[in-house]
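Protein sequence lines, in the order shown, are assigned to chains X and D. For the first sequence, position 143 (counting from the first letter as 1) is numbered 143 according to full-length UniProt numbering, and the numbering increases by one without interruption. For the second sequence, position 75 (counting from the first letter as 1) is numbered 75 according to full-length UniProt numbering, and the numbering increases by one without interruption.
Source of the hints: derived by calculation from the structure; they are not laboratory data. Fair warning: this is a prediction, and the values are worked out from it, not measured in the lab. Treat the hints with caution; some may be incorrect.
[Unchecked claim] Quick look at which bits of chain X chain D covers, simulated, 3 or more residues with Cβ under 8 Å:
id, region
1, 14–21
2, 42–49
3, 53–59
4, 93–101
[Unchecked claim] Derived lysine to any residue pairs resembling SDA-like cross-links, with alpha carbons at most 25 Å apart:
id, chain 1, residue 1, chain 2, residue 2
5, X, Lys19, D, Lys144
6, D, Lys144, X, Gln203
7, X, Lys75, X, Asp161
8, X, Lys70, D, Glu292
9, X, Lys75, D, Leu162
10, X, Lys14, D, Gly157
11, X, Lys75, D, Thr163
12, X, Lys70, D, Lys144
13, D, Lys144, X, Asn202
14, X, Lys75, D, Glu167
15, X, Lys70, D, Arg200
16, X, Lys19, D, Glu292
17, X, Lys70, D, Arg199
Even for Gly, the Cβ is constructed at its ideal location relative to N, Cα and C.
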Amino acid sequence: MSTNIFWQESPIGKTERQKLLNQKGCVVWITGLSGSGKSTLACSLSRELYTRGKLSYILDGDNLRHGLNKDLGFKAEDRVENIRRVGEVAKLFADAGLICIASLISPYRKDRDACREMMQGSSFIEVYMNMSLQLCEARDPKGLYKLARAGKIKGFTGIDDPYESPLNCEIELKEKEGECPSPVAMAEEVIAYLEDKGFLQNQ
Amino acid sequence: MEGLAIRASRPSIFCSLPGLGGDPQRRPPTDGFLRFPASSNAADNTKLVVNSSSFHPISAVNVSTQASLTADFPALSETNVKEERMNGEKKADNIVWHESSICRCDRQQLLQQKGCVIWITGLSGSGKSTVACALSKALFERGKLTYTLDGDNVRHGLNRDLTFKAEHRTENIRRIGEVAKLFADVGVICIASLISPYRRDRDECRSLLREGDFVEVFMDVPLSVCESRDPKGLYKLARAGKIKGFTGIDDPYEAPLNCEVVLKHTGDDVSSSPRQMAENIIFYLQNKGYLEG
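One chain only, chain D, in its complex shape:
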């Protein structure tokens, strides 16, 4: 095969979609990508055997640095160039070229925002879902794409196999963290709204994401206020002993020590309206650059 072209840095891609940051006069490049080999016939293509432990079907547990790279850039799983030695001799330059993949930056350019996870934590009845709702609405009004992962909604689908016992609660949060990470990679502002009472579990989710992409929002509302609201009647059931291990009653809530946003209950309807609380979060996001491409 003629020439061992180094895989070029990804050519610039732009969107001609007006209203989403694109210029309608511009047209996307007709030829902005690495060329596929002239022949798609497998017999003509020389190929490189990718020797990555990340694709060994015996065990999915082996994770190499290459695996983490391929987790972020799926197309790279097919294009990693690695020298193969056979009988001590360097194998021929067998390369399968693939078109460059659309990456997170491209999507963020299209959406004119940066993906992140807004993790809203607090006692039952502290107003997490209410703020999530207000936040998604306020961001939508600004033309931003969000998606809300609510602990309850996810338990009807992805996590329907999980109960409320301790190890399942941890797994519930882990899975939501992983899904939120995927959404952030899409470029979506993912709002996760769940009690998530244990610091360790929340910190685990934080560690899945890049620095800054995990925005922890603490609904700092006293137990007495939450209980007086009791929107789902759960505190009543817990007090009557009909629910065991209910957070705040007979299971602890570990408040964040170092979260990005604290929404403290003041008792003042104006400053603690859901809309105002949403605006506080938006102010944070704007300052950190998440509301632009």
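Extracted from the complex, chain X is given alone in its bound form:
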């Protein structure tokens, strides 16, 4: 690592920004199979937060791949780098005082844990969309399961690539008696957690 780099101090820091926004910056990391409802929840959560006057922003795996991560493909090391960069950006957003909602499959435990590690503990909230493969495949909102089953996509999570479920996530959202809770209900559950932990106020 180069030594021509110095830390730049600034009088306006996270504390001041959180005071301005009346919230605490954090990362809500939504993980789960394709079609499990991550983006839907992200959307619902961001809207519910907005109605409470809270500032949030969604980092979506797909969107980042058109911008910051457009130089990355889908081979193993690129997937790792994709998640690393999303984690670093999410960390910057949390430092800015935002409630950053990261919504990506992020199938490997090691990569998600590395992001958690980056946040230095307190501000990483892992939300596991624990929906069955059957449900996700029945939805197939992007037609990808169909393509994967037809062998037109290789290494598709859930079909021929593993999804490693979290062992110790903060919030787990699952089907209840075969029914998926509504996005608003799931968003409310996340909000209740954020409220309980003090993220929705400055104190």
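Once you've looked at the hints, dock chain D against the given chain X.
For chain D alone, coordinates are given in the frame of chain X:
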């Protein structure tokens, strides 16, 4: 499914947060959004297969106009309605409705400011970080949210895998440009403070943003002044040949040809104080409407 309701224009959303432009007497609408289908059961929901090349996991390189739309409006990635033909016959109206997403305008309304990127460029020691600091403080005092991306800070995190060789310098700036763009989309006034010596790289970043959202600020300070300051001792090391390719010594700095703000060193402490320079930038932002929702 009854009726093919066209996705309505987004209902107005307002904030009841006092001090951030909201009226505390107003309450946000309890029912201001498109309804989710009555049943959340996947079996009951008919659905539309989104046929977008932007979600093909084989290659992330395919970018269609639809992809650029979905990059700006993530929720649209789930709601694009497209006719699907199967065996020459039009597929049934299978639609997955999603709640409308919070967009940039909403956030800007909440923050009472408009997102943009203040790109401060200049030689090492020209005062970029000092002005960035003064600017963020002055804007904070006006109740505005900023975030500073400093070339050095970002190299400890996002860009820690990059060195100082030519292609990595370009990549360093590209990534910062992309992150700054995201911050601007949030509604944050993002201050990027980095030497960024090559015009081409800065212009690439400019092209990522909407017209007007990229505010290039040139720290127009002579090399001799920067070197006499030498706040990090780098000019000394460069002159001694201990650093190669150091901008201003043995690597060029290409001054902007058409930047929005020039902060010229006059040697006068009053007119070139960091605070005054910050005020010059704020004056520009105010004129262009960035300090209101």
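### Message
Next pair to validate is X:Lys75 with X:Asp161; report whether the Cα-Cα distance is within 25 Å.
### Response
Given that 25 Å is the threshold and the Cα spacing comes to 12 Å, the pair holds.
#### Entry: Agreement of X:Lys19 and D:Lys144 with the hint, judged by alpha carbon distance not exceeding 25 Å
Answer holds: X:Lys19 to D:Lys144 is near 12 Å, not above 25 Å.
### Message
Would the hint linking D:Lys144 and X:Asn202 be met if the CA-CA limit is 25 Å?
### Response
holds, 17 Å
### Message
Quick check: do three or more residues in the region 14–21 of chain X have a beta carbon closer than 8 Å to a beta carbon of chain D?
### Response
holds (count 4)
### Task
With a C-beta cutoff of 8 Å, work out whether three or more residues of the region 42–49 of chain X approach chain D closely enough for the coverage to hold.
The restraint on the region 42–49 of chain X holds, since 5 of its residues have a Cβ under 8 Å from chain D and three suffice.
### Task
Would you mind confirming whether the straight-line C-alpha gap from D:Lys144 to X:Gln203 stays at or under 25 Å?
Since the Cα atoms of D:Lys144 and X:Gln203 sit roughly 20 Å apart, the hinted pair holds (cutoff 25 Å).
### Message
Using C-beta distances, would you say chain D covers the region 53–59 of chain X, given that this needs three or more residues below 8 Å?
### Response
With 6 residues close enough to chain D, the hint holds.
### Query
Holds or violated: X:Lys75 with D:Glu167, Cα cutoff 25 Å?
Holds. X:Lys75 to D:Glu167 sits at ~22 Å (cutoff 25 Å).
### Query
According to a criterion of three or more residues whose C-beta lies within less than 8 Å of a C-beta of chain D, is the region 93–101 of chain X covered?
With 5 residues close enough to chain D, the hint holds.
### Pairwise hint evaluation, D:Thr163 against X:Lys75, where the allowed Cα distance is 25 Å at most
holds, 23 Å
### Pair hint outcome, X:Lys19 versus D:Glu292 [Cα-Cα no greater than 25 Å]
holds, 19 Å
#### Entry: Holds or violated: X:Lys70 to D:Arg199, with C-alpha atoms at most 25 Å apart
holds, 22 Å
Hints 8 and 12, counting from the list given before, are not met by this structure.
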